Amino acid sequence: MVSEPDFPLAGLELKTSPLKRLKSKKLLVAKERLVLNIINYYDVVDEEFEESSFYYKNKHLLLVFYLYESKQSALEYVIELVADWEYPEEDLEIIRKDWNTIKTKIEEGKAHELSEGDTSYLGACTKSANSRKLRKQPNNDKPAKPRAFSLKQGYVNHIIATLGNKDGRKYGRLFESKEVAVKETIESLVLKRLKDYYGKSTSQIERDHNLDLNQKSKSYYHNLTKAILGIGTNETIQEFEKADIKFKTVRIEDNKIIEQAISFPAFDFYEVLLQDWEESRFKDIVEGKFLFVFFKKDGNDYYLEKAMFWNMGFNDRLECERIYNETKAVIRSGEIVWNIKKQKNGIIYQNNFPKIRNSKVCHVRPHAIDREDKLPLPVPDKMTGMKAYTKQCFWLDKNYVLREIYKSI
DNA sequence: GCATGATCATGC
DNA sequence: GCATGATCATGC
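In this note's numbering, the protein residues as written are 1 to 409.
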């Protein structure tokens, strides 16, 4: 018995979903993934995608987005956006593959091993309220957590950006057509394109693509990699946004070390103070998938050595949560600066944010145009009275990246 | 040699 | 003027 959409005659499924407003940019983004129907482990293995309960129920969504405010009751929520959504055909191909990946894992008796990291746009998410009541699964005696099909947070963000059409970014696509999307997954397509350039130097890659990039730009390797993927310097990769994939390039030096840590966007001090880990953007980042592309030094040039997709393990995400909460505590205390030092290039303010020595996974350091590029502090600094401080961001430790990612392939 | 703080090129 | 994806520079 296949369950009907909410409005069967129109074939429409009604879904409400929360938005959050980023404190720094006023931009509305998805607060969470969009949870769809529960996965019946015994039924899904006998279904084909077109006739599946997932597709039958959710092929056409009526979406109602409301602004989530933690201190409000549900009655006070303001509806920000209402729209109907059907998947573009390239997206549908990726969703079909995601669905098949989930189905295959269940057929193999691995429902208990399902993870959101398995797939790109369509995930199998746990339902936290009842995830302790395990369910039986086919082909394995081991019980599994109940899971539902869901659209990834990045995909929901893309829906919002498409409907709102005001994020001002230009998008480039990896999949030019439905035909390519039928044959490849995002990951297989990206790795295939990059593998063609393994062992090639940056200058050779530039020649092959008729590029004339400024090597002094800090985005040089990023732009070079985008060119290999057929994406312009000024474009955002649409599929990466939808699948919550962050893309980082890393240089490996002569002595096989990484010299620099990995940065993320600067954070807003108010945002970190007000947003708990569960709703923080740093959590969104570390729960998503990464593409790491490694360039290795050879003489005076670097060559593309290897690339891989990667997800952060559970314990390391807990460590990121710890560092986030320490950062929040420093902001809340107003004890930002602990020492003022005179140096050749001016006055240095040494701060109490979590340092490299405090964690093997991540830390906090400046991320600004210069030291005057500041954001307001919710609590003025007790030592200096400063009401604003140089912008900071979370960084991934370079030895962590070397150990956990580079050396794992 | 590394930790920490400072800073750069680009695109919009 | 600012966000991003990073690299640079100084001093211990």
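Keep in mind that the hints were calculated from the coordinates and are not lab data.
A quick note: this is a predicted structure, and the numbers were derived from the prediction, not measured.
Hints are not guaranteed to be accurate.
In the DSS-like style, the derived pairs of lysine-lysine whose C-alpha atoms are separated by at most 27 Å in a straight line are [said to hold, decoys possible]:
#  : residue 1 : residue 2
1  : Lys387    : Lys344
2  : Lys341    : Lys407
3  : Lys306    : Lys216
4  : Lys57     : Lys127
5  : Lys170    : Lys20
6  : Lys248    : Lys387
7  : Lys31     : Lys344
8  : Lys246    : Lys178
9  : Lys248    : Lys360
10 : Lys248    : Lys133
11 : Lys341    : Lys328
12 : Lys57     : Lys183
13 : Lys297    : Lys328
14 : Lys391    : Lys246
15 : Lys398    : Lys382
Now the hints, each set against the structure:
A threshold of 27 Å between alpha carbons decides the hint, and for Lys387 with Lys344 the separation of about 25 Å falls inside it, so the pair holds. Taking the CA atoms of Lys341 and Lys407, the gap is near 39 Å; set against the 27 Å cutoff, the hint is violated. Restraint check for Lys306 and Lys216: the C-alpha separation of about 22 Å stays at or below 27 Å, so the hint holds. For the suggested pair Lys57 and Lys127, the alpha carbons sit about 19 Å apart, so the restraint of at most 27 Å is met.
A C-alpha spacing of about 23 Å is found between Lys170 and Lys20, which places the hinted pair at or below 27 Å, so the restraint holds. Of the pairs offered as hints, the one joining Lys248 and Lys387 is violated, with about 33 Å between alpha carbons and a cut-off of 27 Å exceeded. This hinted pair does not check out: Lys31 and Lys344 have alpha carbons roughly 45 Å apart, beyond 27 Å. The suggested pairing of Lys246 with Lys178 holds, with an alpha-carbon distance near 24 Å, which does not exceed 27 Å.
As the CA atoms of Lys248 and Lys360 are separated by approximately 19 Å, the hinted pair is consistent with the 27 Å bound. Restraint check: the Cα-Cα separation between Lys248 and Lys133 comes to about 39 Å, which exceeds 27 Å; the hinted pair is violated. With a C-alpha separation of about 25 Å, the suggested pairing of Lys341 with Lys328 holds against the 27 Å cut-off. A C-alpha spacing of about 25 Å is found between Lys57 and Lys183, which places the hinted pair at or below 27 Å, so the restraint holds.
About 38 Å separates the Cα atoms of Lys297 and Lys328, which puts this hinted pair outside 27 Å; it is violated. Note on Lys391 and Lys246: the hinted pairing holds, with a Cα-Cα distance of about 21 Å set against a maximum of 27 Å. For the hint linking Lys398 to Lys382, the alpha-carbon distance of about 32 Å lies beyond 27 Å, and the restraint is violated.
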